[in-house]
Structures are given as structure tokens and as C-alpha cells.
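> If you read the protein sequences in the order shown, they are chains C and D.
Numbered continuously in my numbering, the first sequence closes out at residue 632.
Numbered continuously in my numbering, the second sequence closes out at residue 173.
None of these hints come from the bench; they were simulated from the model.
Careful: at least some of the hints might be erroneous.
Calculated lysine-lysine pairs in the DSBU-like style (CA-CA distance at most 30 Å, straight line) [unchecked claim]:
#1 K102/D with K536/C
#2 K170/D with K38/D
#3 K536/C with K97/D
#4 K564/C with K102/D
#5 K97/D with K157/D
#6 K609/C with K482/C
#7 K209/C with K117/C
#8 K157/D with K83/D
#9 K564/C with K157/D
#10 K97/D with K564/C
#11 K38/D with K97/D
#12 K102/D with K157/D
#13 K62/D with K157/D
#14 K209/C with K482/C
#15 K478/C with K209/C
Since the model is a prediction, treat every value here as computed from it, not as a measurement.
The residues making up each chain are set out below.
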Amino acid sequence: MIGEIAHFLSLSAVLLLSLVLIFNLSFFFAKIHPNQLILSMRLFNQACWLVFISFGMYVYLAISDDFSIAYIASHSNSQLPIFYKVTSIWSAHEGSMFLWIVFLTAWSILFINSLEKNHPLKKLTLLMLSLIILGFLLFLLLTSNPFERILPFGALEGADINPVLQDPALAIHPPMLYLGYVGFVISFSFITAYLLNGDFELQWEEDIKNWSFVAWIFLTIGITLGSWWAYYELGWGGYWFWDPVENVALMPWLAATAFMHSLFAASKSNVLKTWTMFLGILIFALSLFGAFIVRSGIIDSVHSFANDPERGLYLLSFSGLITLLALTIFAYRLPALNSSKLVVTGSKESFLSMNNVLMITSIFSIFLGVTYPLIIESISGEKVSIGPPYYNTIFAPLIFIAAIFIMISVDALWQRSMPLRALLITMSAPTMLSLLALYLIWQATNIFSILAYIGIFSGSLILFSYLIRAINNFFKKKFINKGSAIAHIGLGLLFFAVSMNSILSYEKNLNLAPGQSISVNESVREFSFNDIRVFKASNHDVISAEVSLLQDGREISLNPQKRKYTIRGQITSESAIHASLLKDTYLTIGDQLENGSWTFSLKINYFIKWIWFSAALMVFGIFLTIFKKKVS
Amino acid sequence: MNQSLRFLIVILPILVLVFFTKVLLVDGDIKFSNFESKSFPSFELNDLNGDSVNAQSLDGIKLVNVWASWCITCLVEHPFLTKLAEKNIQIIGLNYKDSDFKANAWLQRHGNPYLFSIYDPRGDLAFDLGVTGAPESYLIVNNQVVGHIQGEMNQTKWETIFLPLITKAKQGS
Numbered sequence: 001m002i003g004e005i006a007h008f009l010s011l012s013a014v015l016l017l018s019l020v021l022i023f024n025l026s027f028f029f030a031k032i033h034p035n036q037l038i039l040s041m042r043l044f045n046q047a048c049w050l051v052f053i054s055f056g057m058y059v060y061l062a063i064s065d066d067f068s069i070a071y072i073a074s075h076s077n078s079q080l081p082i083f084y085k086v087t088s089i090w091s092a093h094e095g096s097m098f099l100w101i102v103f104l105t106a107w108s109i110l111f112i113n114s115l116e117k118n119h120p121l122k123k124l125t126l127l128m129l130s131l132i133i134l135g136f137l138l139f140l141l142l143t144s145n146p147f148e149r150i151l152p153f154g155a156l157e158g159a160d161i162n163p164v165l166q167d168p169a170l171a172i173h174p175p176m177l178y179l180g181y182v183g184f185v186i187s188f189s190f191i192t193a194y195l196l197n198g199d200f201e202l203q204w205e206e207d208i209k210n211w212s213f214v215a216w217i218f219l220t221i222g223i224t225l226g227s228w229w230a231y232y233e234l235g236w237g238g239y240w241f242w243d244p245v246e247n248v249a250l251m252p253w254l255a256a257t258a259f260m261h262s263l264f265a266a267s268k269s270n271v272l273k274t275w276t277m278f279l280g281i282l283i284f285a286l287s288l289f290g291a292f293i294v295r296s297g298i299i300d301s302v303h304s305f306a307n308d309p310e311r312g313l314y315l316l317s318f319s320g321l322i323t324l325l326a327l328t329i330f331a332y333r334l335p336a337l338n339s340s341k342l343v344v345t346g347s348k349e350s351f352l353s354m355n356n357v358l359m360i361t362s363i364f365s366i367f368l369g370v371t372y373p374l375i376i377e378s379i380s381g382e383k384v385s386i387g388p389p390y391y392n393t394i395f396a397p398l399i400f401i402a403a404i405f406i407m408i409s410v411d412a413l414w415q416r417s418m419p420l421r422a423l424l425i426t427m428s429a430p431t432m433l434s435l436l437a438l439y440l441i442w443q444a445t446n447i448f449s450i451l452a453y454i455g456i457f458s459g460s461l462i463l464f465s466y467l468i469r470a471i472n473n474f475f476k477k478k479f480i481n482k483g484s485a486i487a488h489i490g491l492g493l494l495f496f497a498v499s500m501n502s503i504l505s506y507e508k509n510l511n512l513a514p515g516q517s518i519s520v521n522e523s524v525r526e527f528s529f530n531d532i533r534v535f536k537a538s539n540h541d542v543i544s545a546e547v548s549l550l551q552d553g554r555e556i557s558l559n560p561q562k563r564k565y566t567i568r569g570q571i572t573s574e575s576a577i578h579a580s581l582l583k584d585t586y587l588t589i590g591d592q593l594e595n596g597s598w599t600f601s602l603k604i605n606y607f608i609k610w611i612w613f614s615a616a617l618m619v620f621g622i623f624l625t626i627f628k629k630k631v632s
Numbered sequence: 001m002n003q004s005l006r007f008l009i010v011i012l013p014i015l016v017l018v019f020f021t022k023v024l025l026v027d028g029d030i031k032f033s034n035f036e037s038k039s040f041p042s043f044e045l046n047d048l049n050g051d052s053v054n055a056q057s058l059d060g061i062k063l064v065n066v067w068a069s070w071c072i073t074c075l076v077e078h079p080f081l082t083k084l085a086e087k088n089i090q091i092i093g094l095n096y097k098d099s100d101f102k103a104n105a106w107l108q109r110h111g112n113p114y115l116f117s118i119y120d121p122r123g124d125l126a127f128d129l130g131v132t133g134a135p136e137s138y139l140i141v142n143n144q145v146v147g148h149i150q151g152e153m154n155q156t157k158w159e160t161i162f163l164p165l166i167t168k169a170k171q172g173s
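So that you can see chain C by itself, here it is in the shape it has in the complex (with noise of 0.2 Å):
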């Protein structure tokens, strides 16, 4: 009965987001009527409602196992903790649609009411709003329905949610994900109606600035969690694959960050104005494009959900029509848009428009790396795939150059050319230093990596350009944008910590009976395979191996599982890892042997957690940056 409650709350909201719609567009050509906004706003408000309450009342079902709802009965169980009963809600294609829908809904209803009561936008807004959001409800009911029911009987028991998606980090790392996805849903809407609206005196930015940094931040946390996710759960010992389905977050991302920087500069310069509400069209165009690869399972990947052409020409659809709307509308209106207030050669937002053009560049590249097989598959049958190689090989020069215009940036001034001799002055120190660093690793390690050195080296000029700037704020009381400086501290780090992880990381693999011990090499002088014990958990059979290492001296135990998980069959293992500042231990256990022994991962992986550490300064970055107080 609850089921059928939900569903048809649903189906209310989406009859009210219709009738905003329809009202609407029927007195778009008359006069407006002053309670025409007042009455769409209050249809549109209950319409998010009845979403939230719907989503309430799904939660509900899930927590009270009712195995009758078929999507229920396919991904959670009796025997879950409460919190995965909720979380196995998101973790296939029907509740994560849902989930990212109510986000969509709750992003919109908080933009729609923080505007103005008489906002000049504020109609063409909501409008944009109600009819993404009627997409994509009517997407969710038509060829998604969570709601649809076993007949005539449910199951007695739920199939188990997937065990490697019971994991703390995967239960928030979707949420997160999708909520910096849909954040963008309010530049989007928000620029197009300022286009619709055709009065260019407007100023925008100021009232979009921050949800699109609060997006931009779950955006980040949702990639390095699953980032992290893949890392510790996954047990596949790196950290970021070029996986399509990390590259379609990754072009949004990628999007954002140039949307931001060029939020900054907008005011200063018309031509970057333009550019910006393109960007700010082109972010959630990406992040529908990324739902779409991921939801109609044209690309085989960990992440894709089932097969299903219906629903991948709906979203594609869909997706085409309002992305096209917003593009035409930009397109017809670009010569009004452009005037003759030009950038500056040499000053700061000429800079940061380089980078902007460098970080276009990348989503290009990433997009050709992700449609490339699909084109060769498409005309030729031939199957290829592209791996890291591609995306390294590209990505190495376009850091080292943005690197060097971050470098510059930093003592850049607005609207003003850079004279050669302060330029020189800027570049000498960062430059020297980096050099510095990179003779220096070159000597402790012995390693040359031509890619990952560029790499070492474009993290360094950024942050010893910053580390520079902050002790002459220190001491010279030099103006430092402090939200920045973290932010762009973090980029450097990223940098640095991934190249050094490159290099230096390296993988054994073993082959010991429990009760022997080996010399791996100079610095993990012992492994002993002390024992190996099988017992029963909760709800899996466990083989449990105790190893110990006498690793630089200091002696480290680690215990690598096998887990077998009662319901489903499946076997995960669980790697065993040992922290420490500068490198991780990674151990995982493979099969035994027809001799008894069993086999065994040890992999050695450099400055993971400074890559970790990165993206949370970039994320505290910008969260100052949003309580930052006006400066202008």
C-alpha cells in the first residue's frame, strides 16, 4: 500500500510540474499577471515535496523489508545492517535515478526560494527547472520504475546487495557524486534564462557564484571517495584508472573548475563573460552526458548498469533537446553578447582564459579517449581500448603548461599587462626551486620518467609560486587570496603525489606455505606467512592469513581476507593495508596452490595519502573561497 502511495506522489508531482508548464508557457506571449508567479512557484514547491515524500516513503520500504517492490527484492536482504538496507537503494540504476532526482529537486526548490521575490529570471528559471525536472521524472516512471511490484506474490527474501558495495565510502560516494552533478542544474538553468530574458545589463554572477562552488565541492568529494572506494574496497591497488566512467565525471569536473575561475574574472572583462555562461551550459550538459554513458551501458565498465537501449535513447534524447535549447539560445544570441571590452595581454584573466583554454583541451581529449572505441567499433566491428598510455601522454604537457600560467598568475595583476621584468622575477624562484627538487629526486631514487618528471616538476612551480606568496604575505603583508592559495596548494600536491607515485610504486608477488618466511628486498627484509585461519561471520565465511614483515627495521603484522559472501556466492578479498606518511603496504591474497602454498600481492604504493590530502585542501580551498567577504 505504501508503494503504491509513493508512486503515486510521484506521478502528482509530475501532473503539478506539467501544469506549471503549461500555464506558463500558454501566457509566455501575454501580459503577465502579478499571481501568475506566485501561483507556479507554490505549484512547483508542492511538486518537489510530493518528490521528497515519495523518496521518504521508498526509504521506508527499503528499511521495512518489503520484498514485493522487485527492485527491493533484487538489491537488499533482511539479514543488512539498517544503514546498507538505505544505501542499497543507490546501488543500481532505478533507486539511483530516483536519488538523483530528488538531489535535482532539492538543488532547484532551495535556488528557486533564495531569489528575489521580483527577480527579472526568477519565471524563466522556475521554468527551466520544471521541465528538467518532468524529464527526467518521467524518464524514472516510464522505463525505470522503482516502484513496480512482484505479482502476485513477492519474494520471501531480498538477492543481497553486491558486498563490494558494502563499504561506508561507496554508500556516500554516489550521493555526494550526484549531488556536484545536479548542482549544475541552477548555472545551467539560471544562464539560459538570462539569455532567454535578453536583458544583458543583468549581473548573473554574483547570484550563482556560490552553488556552483558548493557543487563543485561535492563533485570533488564524490570522485576521490570513489577514487578512495576503488583504492581500499576494491582491492585493485591504484587509485584512478582512466575508467570511462571516471572520465565522464571527470570532464564535468574538469568544466566546473574552469567555470569557476572564470566566474572570478567575469566582471573584469565581457569576452570572459560570454565564455563563462558557455561554460556554465556546457557543465551540466557534460554531467548529462555522463549519466547517459553510464545508464544506457553502451561502454562495458565497473560502474555501467544493465543493458538497455530504451532507456539510453530516452536520456539521450532528452538530454539532446534541452542541452540543444540552451546551446541554440546561446548561439542566437552571441553577437549581442560580445562587445569590445577585450582582455588584457598579460594580465591576470589572460592567464586564467589560457588555462580555461587548456582545460577545454583536456575534456576534448578525455571525450575523444571515451567515444574513440565506440567510432572504430561503430564503423569498423573492430574492438580497441584506450588505456592510461593515451591519457598520460596527453595530460602531461597540458599540466606542465597550465602550470607555468598558475606560476605567472600568482602575481598577475587584473585588467593590467605584466611588465617582462616582474614576469622574470616571478618565474626565477619557483622555477629554481623545482629544478632543486627534481635534481634532488633524481639523485635519492635514480629513476627517470620523463612523463612523471614533467609531472614532479609542474607540481612544484605551483606550490613553491604559493608557498612564496604566503611568506611574503607573512612578512611583507602582501594581499594572498587564502581560499585560492589552499586550493591551487593542493592542485601542486596532486601533481607531485601522483608522478611520485608513478615512479616509485612497485608489485611482488609471492608464493609461501603458511609457516614460511622470505626476503622480499632491501627494504621489506622478511615476509613470514605465519598462519592461515577460516571462520564465519556474520554474514560471510572468512579466510583470514596472518603475515608478518619486518619492513625498514620495523616489524608490521598484517592479516589480507578472502571473504565468501553466504547469499550471493560471491568471493571478495580484502586487501590488508599499513599506512605510513610517505608509503602504503598493500597486501592481498590470491588461491591456493595444489602444493598448499598460496599466493600473494605485495604491492608498495608511494604518497597515496598525500593524494587524499590533496583534494581535501582543494575542497577547504574553496569552502573559504564561498565565506570569503567581498572584496572589490
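Chain C is fixed; fit chain D onto it per the hints.
Just chain D, lined up with the frame of chain C:
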């Protein structure tokens, strides 16, 4: 310059849309129809009643469903299989890594949609067939495996994957 830029802003996304529509509609179909058919592996086993069965029992159009009493998802798809059996779809069970006592008890409790169930306690036949776990379903036409579904069988999967193959097989014969 400005004109062509405006033109590009609209044309490029349209091209992307057209391309993905083509991938979805045309290439998607090829993906489904190009399932490499192979012949059902030969076997000599007993069914759950103790009668011997072999590959000859798989003439005509049959749905082979891999199941076990320990498998929860099998219970989830069970009502749908029962519905198929009522529509005269011939379903043959492949009882996978189970004990005959438990399996028969399970069938008695939940109903038996199968013509018979091949008893494969060690998973030998399942191994030859390429089974990765229960439940899985295979569509067999005259001893040829023409379709394969991993995981739960339901209305959508039945209609989108197996039903077109059955129609095709019927037209072919």
C-alpha cells in the same frame, strides 16, 4: 568568424547526438544478434528423480535455467519461471552444486516449473557450459545455445533478449 562559430555551437552537439543514436539503435542490435551460438556440451547425468538424461533431451526450443536451493535470487525469479511454464515454455532446470534431497524439498515447497532438472552436484556440466553462478538462463534451439542471461530472469529481460530469439528460431525452422 562569428557566424561559423554560432553554427558550430549548434551543429557539433547535433552530430554527437546523431552518432550516439546510431550506436544505440544500430550497433546495439548487432551486439544482441551476434551472440555466438555454440552447441550444448554433451553430458550423461541423472535428473533429480534419478532417471538418466543426456543432450538428446534438449531437442526443440528449451529454456535451461541454472538454479539451486541455496540461491536466493532463484527464489526471486521463481514466480516468473512458473508463469512461463504456464504459457507452455519448456523449461529445464540445471540444479547446480546442490544436494538432491534439498533440491527436491525446495521444488515441493515452491512449486516445480521444470520439465525435469538435471542434477549436477559437482558443477561438471555447468563448467562446460560456462556457468558463472546461479541463477543463469540459456536459450537452446535444437541443441544450440543461442542466448544467455546472467542473473535474475524477469519480464523485461525475457521480452528484450529471449523472445526475439525465439521468434527468429521459429521463423527459421
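> Would you pick out the hints that fail for this structure and give their numbers low to high?
Structure breaks no hint.
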